[in-house]
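**Student:** These are the residues of each chain, in order.
Number of protein chains: 2
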Amino acid sequence: MQNDTFLRALLREPTDHTPLWLMRQAGRYLPEYNATRRRAGSFLALCKTPELACEVTLQPLARWPLDAAILFSDILTVPDAMGLGLYFVEGEGPKFRDTVRDEAAVARLAAPDPEVELRYVMDAVRTIRGALDGRVPLIGFSGSPWTLACYMVEGGGSDDFRQVKKMLYARPDLMHRMLSVTADAVRDYLNAQIRAGAQAVMIFDTWGGVLPDGHYQRFSLAYMRRVLEGLSLEREERGPDGSVRRVRVPSIVFTKGGGLWLEDIAASGCDAVGLDWTVNLGQARARVGARVALQGNLDPMVLMAEPAQVQAEAVQVLERFGVPQPGYGHVFNLGHGISQFTPPESVTALVETVHAYSREQRRRGAAAVSR
Amino acid sequence: MQNDTFLRALLREPTDHTPLWLMRQAGRYLPEYNATRRRAGSFLALCKTPELACEVTLQPLARWPLDAAILFSDILTVPDAMGLGLYFVEGEGPKFRDTVRDEAAVARLAAPDPEVELRYVMDAVRTIRGALDGRVPLIGFSGSPWTLACYMVEGGGSDDFRQVKKMLYARPDLMHRMLSVTADAVRDYLNAQIRAGAQAVMIFDTWGGVLPDGHYQRFSLAYMRRVLEGLSLEREERGPDGSVRRVRVPSIVFTKGGGLWLEDIAASGCDAVGLDWTVNLGQARARVGARVALQGNLDPMVLMAEPAQVQAEAVQVLERFGVPQPGYGHVFNLGHGISQFTPPESVTALVETVHAYSREQRRRGAAAVSR
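Protein sequences appear in the order of chains A and B. Counting with the working numbering, you get residues 87 to 457 for the letters of the first sequence. Counting with the working numbering, you get residues 87 to 457 for the letters of the second sequence.
Just so you know, these hints were derived from the structure itself, not from any lab. Each hint should be verified, as a subset may be incorrect.
Note that the list lumps identical chains together, so a pair holds whenever it fits in one copy or between two copies.
Only pairs whose alpha carbons sit at most 25 Å apart, straight line, appear in this in silico DMTMM-like list of lysine to aspartate or glutamate [as the list claims (entries may be wrong)]:
id	residue 1	residue 2
1	LYS252	ASP270
2	LYS252	GLU431
3	LYS181	ASP245
4	LYS252	GLU405
5	LYS181	ASP160
6	LYS252	GLU438
7	LYS252	GLU392
8	LYS181	GLU203
Note that the structure is a prediction, hence the values are computed from the model and not measured.
With the rest of the complex left out, here is chain A (with noise of 0.2 Å):
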């Protein structure tokens, strides 16, 4: 690989820089992405097409020189393969037609096969590592077990999660029913993406934070770590001479307002922690950076201000992390997707301060070391 700076993050090896990428980087705010889009007739359809997904993965690589490319997707395939229907309203975000709200429905449920109910999904990471030709990795994802409950019982977005919190206080039961069969589905659907050729795998919790401390764990937390358990993690490498090694594909999990939870989520198996822009990244080097890498944190929105602001607020990230010391790691992102309203320019200052910012941390550091 060209530029595997992004993995030896993960895995707490050192590096020449930070490496970095976005959430979202392949989005509406790019006009490339809209171009594609409108191509595609449909935000589902360009999901569905692995031609169009692996365009739209590769643009913002175009524009930056990122250290990782992701999987372009939505975290809504997998229950859209159990059958729930998912669909779009303009300006609304995601539908399901079918609702997981009692006995019979979770009953139904099972985890889909995904090299059949999800093989544009694989096809796309095929034809993404063919199109990267190893310049640099590509990551894979899924939503987490809660998070995607969270979906199948409301039926979309929710302000207040009445329904899903209902069934988990009501009939914890038929919760832990339903995120067992989830489990399953992404567990499979993350091991199909590592055999399709993921190189790293994160899970994206983005409503576990609206469970309270406890049932966090229980319902969100538990999951992931049974997900973590059932991945292999492995993937072989083909070296220059022809030779084949097994590498660690890593894995990232990112709980969307998990703060207060650092330490239970950084013993849950994964080797990465995402962190949203409410935490302190020293305090939270300081409690788990020992035992897993961290990624993030800027607040999406820094980007709506003006480059000399972005670069201020990502030396800030930087600084707070400090230079990388042996076994700790640190993969610059932001703490949430990247918004449809940031102007271009905005990433492009990002991407030059932190891998110059990065660089000079490093050289004065090892400066400090010597002297």
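Using the hints, position chain B against chain A.
**Tutor:** Relative to chain A, chain B alone:
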């Protein structure tokens, strides 16, 4: 006062049970509230008619032996009084006719005279105090400067707080100016409520939790601290013999999503800290319970389940805090406003459980001590 348990818990004095009130306890889940609101014609008319505001304030107390009343009003009365033109669109939440997004708009802002522009609120406080007739204390409240600024800049609710964060990152000077005026307005507003008869005050920092660590402290907490420093937290109380003594008006700060910053909030000068349900109450007590009382923190969605489950979850909250030792105080509450979809029977179960179980806890605690 017949029942001052709430005030004593806030001041970390001994109580014979854990006092309880519910954020938004006068609200749409009560048929009698909806009837009064229909009579008023609109939510805003209800807020602006002291007799009707008094009527709905007392409604939950007629149903349940709650330990406090809270002024029925809206956090957005302050920017409304600043001339921004508050209105409500059914099903869409609050909106402002004018937004504050540039230098000129910020320059036009001035703290209103609460006895003039917000006279209807002070009249409501006086009316409610009269009607309560010393049964339980009356809580006055305001939005935090940052939370008010969110609405003032966005012009209503927001998913991403793009405009207000853009101002914060791009023009921190302007944001500080705006927060400074707003903090003066909040200070004057709360002081006027205290003069009108409020016996405790609470600052709702609903949107502090959307800020990054560091910026929260500078743009939200610093202005709440400034408000607290400017409050005259004393009132006169007439004893049964006609003698007058000066008593403290306790203050509560509630930052939703502020669990990571508990130590900072506890050092802001408030008497009590409100907690949402993501925080473990036992851990919060260990972190800051010797310095401030704690208020919270049941997930409001627990009330969607059956009474038996409500009971079990409420007991868990009480058990996590444990029996308040000398110098510790706990006020039971939800971690956010009660949902309009709450069955009133759930509140019945909650109130009975909190009162009975907390008395039982203290008896068991006392028995353990005397053995």
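**Student:** For every hint, state whether the structure bears it out.
**Tutor:** Evaluation of the provided hints:
no.: 1; hint: LYS252 x ASP270; in the structure: within (23 Å within a copy, 42 Å between copies)
no.: 2; hint: LYS252 x GLU431; in the structure: between (44 Å within a copy, 15 Å between copies)
no.: 3; hint: LYS181 x ASP245; in the structure: both (14 Å within a copy, 18 Å between copies)
no.: 4; hint: LYS252 x GLU405; in the structure: between (43 Å within a copy, 22 Å between copies)
no.: 5; hint: LYS181 x ASP160; in the structure: within (13 Å within a copy, 32 Å between copies)
no.: 6; hint: LYS252 x GLU438; in the structure: between (47 Å within a copy, 21 Å between copies)
no.: 7; hint: LYS252 x GLU392; in the structure: between (44 Å within a copy, 9 Å between copies)
no.: 8; hint: LYS181 x GLU203; in the structure: within (19 Å within a copy, 45 Å between copies)
Every hint, counting from the list given before, is met by this structure.
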